[in-house]
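Residue numbers (this note's numbering), protein chains in the order written: chain A, 786 to 845; chain B, 432 to 631.
I should point out that these hints are in silico values taken from the structure, not numbers from a laboratory.
Check the hints yourself; a few may be wrong.
Derived contacts from chain B toward chain A, CB cut-off under 8 Å, selection only [to be verified]:
1) I464
2) L466
3) D476
4) A479
5) R555
6) L558
7) L559
8) F578
Simulated coverage check for chain B against chain A, where a stretch passes if three residues somewhere in it have a Cβ under 8 Å from a Cβ of chain A [as the list claims (entries may be wrong)]:
9) 467-475
10) 598-609
Keep in mind the model is a prediction, meaning the values are calculated, not measured.
Cβ atoms here follow ideal geometry from the backbone N, Cα and C, with glycine treated the same way.
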Amino acid sequence: MTGRELERALADLGAHLEHPATRRLRFVYVKTDVLARRVQRHAVVEQTKIGDRIVGRRRH
Amino acid sequence: MVGRPLPDTELVARAKRGDAAAYEELVRRHQTIALRTAYLVAGNDADAQEAAQDAFVKAYRALGRFRPGFPFRPWLLRIVANEARNRRRSAGRRAALALRAAEEGPSGGAAPSPEGALLAGQERERLLAAVNGLREEERLVIACRYFLELSEEETAAALGVRHGTVKSRTSRALARLRAVLAEHGDGHVFPMTTLEGGGE
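Work the whole structure out from these sequences, hints included.
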C-alpha cells in the first residue's frame, strides 16, 4: 500500500468514526461568567461613583 | 447578528470588550470541531462534553492574553485538547477510537452489497486497531490531520508542538501503520475502492 492509499483509507476511516453527541454546549455557563463579570464591573463603577461623591463632599 | 458573518478576529475583539453575543457566536461557530477534538483526545462522550464546555469558559477568561491577528481556532483547540487530556489522565484511562455502531452506507452512492460492506467494515476495523495501537502522540497527530482534517499548522497549535514535529510524527505514524498492516494482512486497505467497485 502506498502512502497516498493509506491517507485515503484514514480519511475514510475518519468519516466512519463514532462522533460525540451533537447536543449544543450549555451557553448558560458562559453567560453566567459574562454576567458575573458585568455585575463585578458595574459594582466597581458604582463604588467609584460613590467614592467620587464622598470625595466631593469632603472637598466641600 | 445580521448581514455578512463577522470574521473571528472581529468577534474576538468584541468579546474582549465584553460583548457576550460575540463570544456566543464564536462558541456556536467552533463547538462542533471543539467537541470532536475533545472526543478524540478524551475517548468518551461525557468527558468530551465537559472538556469542551470548560475549554470555552477558560478561553473566554483568557481572551485578554489572546494575541490580536492570530487565528482563534487553533488557540481554542489547544485549550480544548489540554482540557480533554487532563480529564482522561485524571480518570486513568487510555483513549481508544471506535467505529459508529450503526454504520451507514457511503453518502451519495448505491448501497454496497452485504459482502462488500462486510469487507469494508473488516478493513476499517483493522485500520482502526492499528491506529489505536499507535503511541498516543502519534495517534493524536493522525486524528488531527485525517479525522479532524486540521492543517499542519492547526495540528501543531492544538497539540502544542512545533510544525516540524507534526511533520515528523505524521511520517513516523504513517510508516508504523503501513508496517502493522503489512504484518497482519495483505496490506489491501482500500475501503473506498472496495465500496465504489474501483478495483481490488
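Any hints from earlier that this structure breaks? Give me their numbers in increasing order, please. 1
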